[in-house]
Amino acid sequence: MFSKACEYGIRASIFIATKSSEGVRVGIKDVAKEIDSPEPFTAKIMQILTKSGIIHSAKGVGGGFEVSNQALRSIKLIQIVDAIDGDSIYKGCGIGLKECSEVHPCPVHNQFKKIRELLLTMLTTTTLEELALGVNSGDFHLKIFSQNK
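Sequential numbering from 3 applies to the sequence shown in our numbering.
Note that these hints are calculated values from the structure, not bench results. The beta carbon of each residue, even a glycine, is placed where N, CA and C say it ideally should be. Please note that the accuracy of each hint is not assured.
To be verified - Computed cross-link-like contacts, DSS-like style, restricted to lysine-lysine with a CA-CA straight-line distance of at most 27 angstroms:
no.: 1; residue 1: K6; residue 2: K100
no.: 2; residue 1: K78; residue 2: K115
no.: 3; residue 1: K35; residue 2: K61
no.: 4; residue 1: K35; residue 2: K46
no.: 5; residue 1: K6; residue 2: K115
no.: 6; residue 1: K6; residue 2: K116
no.: 7; residue 1: K78; residue 2: K61
no.: 8; residue 1: K93; residue 2: K6
no.: 9; residue 1: K31; residue 2: K46
no.: 10; residue 1: K145; residue 2: K115
no.: 11; residue 1: K31; residue 2: K53
no.: 12; residue 1: K46; residue 2: K6
no.: 13; residue 1: K31; residue 2: K6
no.: 14; residue 1: K78; residue 2: K116
no.: 15; residue 1: K46; residue 2: K78
no.: 16; residue 1: K6; residue 2: K145
no.: 17; residue 1: K78; residue 2: K145
no.: 18; residue 1: K93; residue 2: K61
no.: 19; residue 1: K93; residue 2: K53
no.: 20; residue 1: K35; residue 2: K145
no.: 21; residue 1: K78; residue 2: K6
no.: 22; residue 1: K61; residue 2: K31
no.: 23; residue 1: K35; residue 2: K93
no.: 24; residue 1: K35; residue 2: K6
no.: 25; residue 1: K46; residue 2: K115
no.: 26; residue 1: K145; residue 2: K31
no.: 27; residue 1: K53; residue 2: K78
no.: 28; residue 1: K78; residue 2: K93
no.: 29; residue 1: K46; residue 2: K61
no.: 30; residue 1: K100; residue 2: K115
no.: 31; residue 1: K100; residue 2: K116
no.: 32; residue 1: K46; residue 2: K93
no.: 33; residue 1: K35; residue 2: K53
no.: 34; residue 1: K78; residue 2: K31
As the list claims (entries may be wrong) - Here are the computed distance ranges between Cβ atoms for each label pair:
no.: 35; residue 1: K93; residue 2: V63; range: 37 to 45 angstroms
no.: 36; residue 1: H106; residue 2: G65; range: 49 to 57 angstroms
no.: 37; residue 1: D38; residue 2: T123; range: 38 to 46 angstroms
Using the sequences plus the hints, can you model the full thing?
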């Protein structure tokens, strides 16, 4: 549903939020490793997130990426998605047609409209803090672990 960049952006934001809640800044290498993304691609995503004001970047010794406590509580997933993918995921046609509307619907318009509405609700109500707390508590995971380990 989301672009690969957006998936990585969401995962990076959650990872940085989990570390920020512990008072730790993380570097680009740590972010890339944690989200299983190539470092140059991760750097481009981090530029977008920093420019959008979602993530804060501090340079120099002790620098890295972080999210303030206030931002943790206020940043919604929709802000991350909008910064990277724009709004086409919850406004565009389900099969990618340029012209799709209530008047001239595509074959999946009515079914996809319901999905878009649910997605939009989830994106506008879910905070970065909720997701970070879930990861920190062990309820959620950013990586899949082998059951054989």
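Structure-based check of each hint:
This hinted pair checks out: K6 and K100 have alpha carbons roughly 22 angstroms apart, not beyond 27 angstroms. Proposed proximity of K78 and K115 is supported: the alpha carbons are some 21 angstroms apart, at most 27 angstroms. For the suggested pair K35 and K61, the alpha carbons sit about 20 angstroms apart, so the restraint of at most 27 angstroms is met. Note on K35 and K46: the hinted pairing holds, with a Cα-Cα distance of about 15 angstroms set against a maximum of 27 angstroms.
For the suggested pair K6 and K115, the alpha carbons sit about 23 angstroms apart, so the restraint of at most 27 angstroms is met. Of the pairs offered as hints, the one joining K6 and K116 holds, with about 23 angstroms between alpha carbons and a cut-off of 27 angstroms not exceeded. For a cut-off of 27 angstroms, the pair hint linking K78 to K61 stands: about 25 angstroms separates their Cα positions. Our distance criterion of 27 angstroms between C-alpha atoms is met by K93 and K6, whose separation comes to about 19 angstroms.
Restraint check for K31 and K46: the C-alpha separation of about 13 angstroms stays at or below 27 angstroms, so the hint holds. With a C-alpha separation of about 31 angstroms, the suggested pair K145 and K115 falls outside the 27 angstroms cut-off, and the hint is violated. This hinted pair checks out: K31 and K53 have alpha carbons roughly 19 angstroms apart, not beyond 27 angstroms. For a cut-off of 27 angstroms, the pair hint linking K46 to K6 stands: about 12 angstroms separates their Cα positions.
Straight-line distance between C-alpha atoms of K31 and K6 comes to about 18 angstroms, which keeps the hinted pair within the 27 angstroms bound. Between K78 and K116 the alpha-carbon distance is near 21 angstroms, which keeps this suggested pair within the 27 angstroms criterion. Restraint check for K46 and K78: satisfied, since their Cα atoms lie roughly 21 angstroms apart, inside the 27 angstroms limit. Under the criterion of a C-alpha separation no larger than 27 angstroms, the hint pairing K6 with K145 is consistent with the structure, at around 15 angstroms.
Taken as a hint, the K78 and K145 pair is honoured in the structure, with Cα atoms around 21 angstroms apart against an allowance of 27 angstroms. For the hint linking K93 to K61, the alpha-carbon distance of about 37 angstroms lies beyond 27 angstroms, and the restraint is violated. A C-alpha spacing of about 24 angstroms is found between K93 and K53, which places the hinted pair at or below 27 angstroms, so the restraint holds. Between K35 and K145 the CA atoms are separated by roughly 11 angstroms; this keeps the pair inside 27 angstroms, and the hint holds.
Only pairs whose Cα atoms come within 27 angstroms are accepted, and K78 paired with K6 is accepted, the gap being roughly 19 angstroms. Between K61 and K31 the alpha-carbon distance is near 14 angstroms, which keeps this suggested pair within the 27 angstroms criterion. Among the hinted pairs, K35 with K93 is inconsistent with the structure: their alpha-carbon atoms are about 33 angstroms apart, more than 27 angstroms. A threshold of 27 angstroms between alpha carbons decides the hint, and for K35 with K6 the separation of about 16 angstroms falls inside it, so the pair holds.
Restraint check: the Cα-Cα separation between K46 and K115 comes to about 32 angstroms, which exceeds 27 angstroms; the hinted pair is violated. Proposed proximity of K145 and K31 is supported: the alpha carbons are some 16 angstroms apart, at most 27 angstroms. Pair hint K53 plus K78 holds up; C-alpha atoms about 16 angstroms apart against a cutoff of 27 angstroms. For the given pair, K78 sits about 18 angstroms from K93 by alpha-carbon distance, which is consistent with the 27 angstroms threshold.
Our distance criterion of 27 angstroms between C-alpha atoms is met by K46 and K61, whose separation comes to about 16 angstroms. With a CA separation close to 15 angstroms, the supplied pair K100 and K115 stays within the 27 angstroms bound. A C-alpha spacing of about 19 angstroms is found between K100 and K116, which places the hinted pair at or below 27 angstroms, so the restraint holds. Annotation: proposed proximity of K46 to K93 holds, straight-line Cα distance about 25 angstroms (limit 27 angstroms).
Proposed proximity of K35 and K53 is supported: the alpha carbons are some 22 angstroms apart, at most 27 angstroms. Between K78 and K31 the CA atoms are separated by roughly 25 angstroms; this keeps the pair inside 27 angstroms, and the hint holds. Distance hint for K93 and V63: a CB-CB separation of about 44 angstroms, consistent with the stated range 37 to 45 angstroms. At about 52 angstroms, the beta-carbon gap between H106 and G65 stays in the expected band of 49 to 57 angstroms.
For the hinted restraint 38 to 46 angstroms between D38 and T123, the CB-CB distance of approximately 29 angstroms leaves it violated.
In summary, the numbered hints that this structure violates are 10, 18, 23, 25 and 37.
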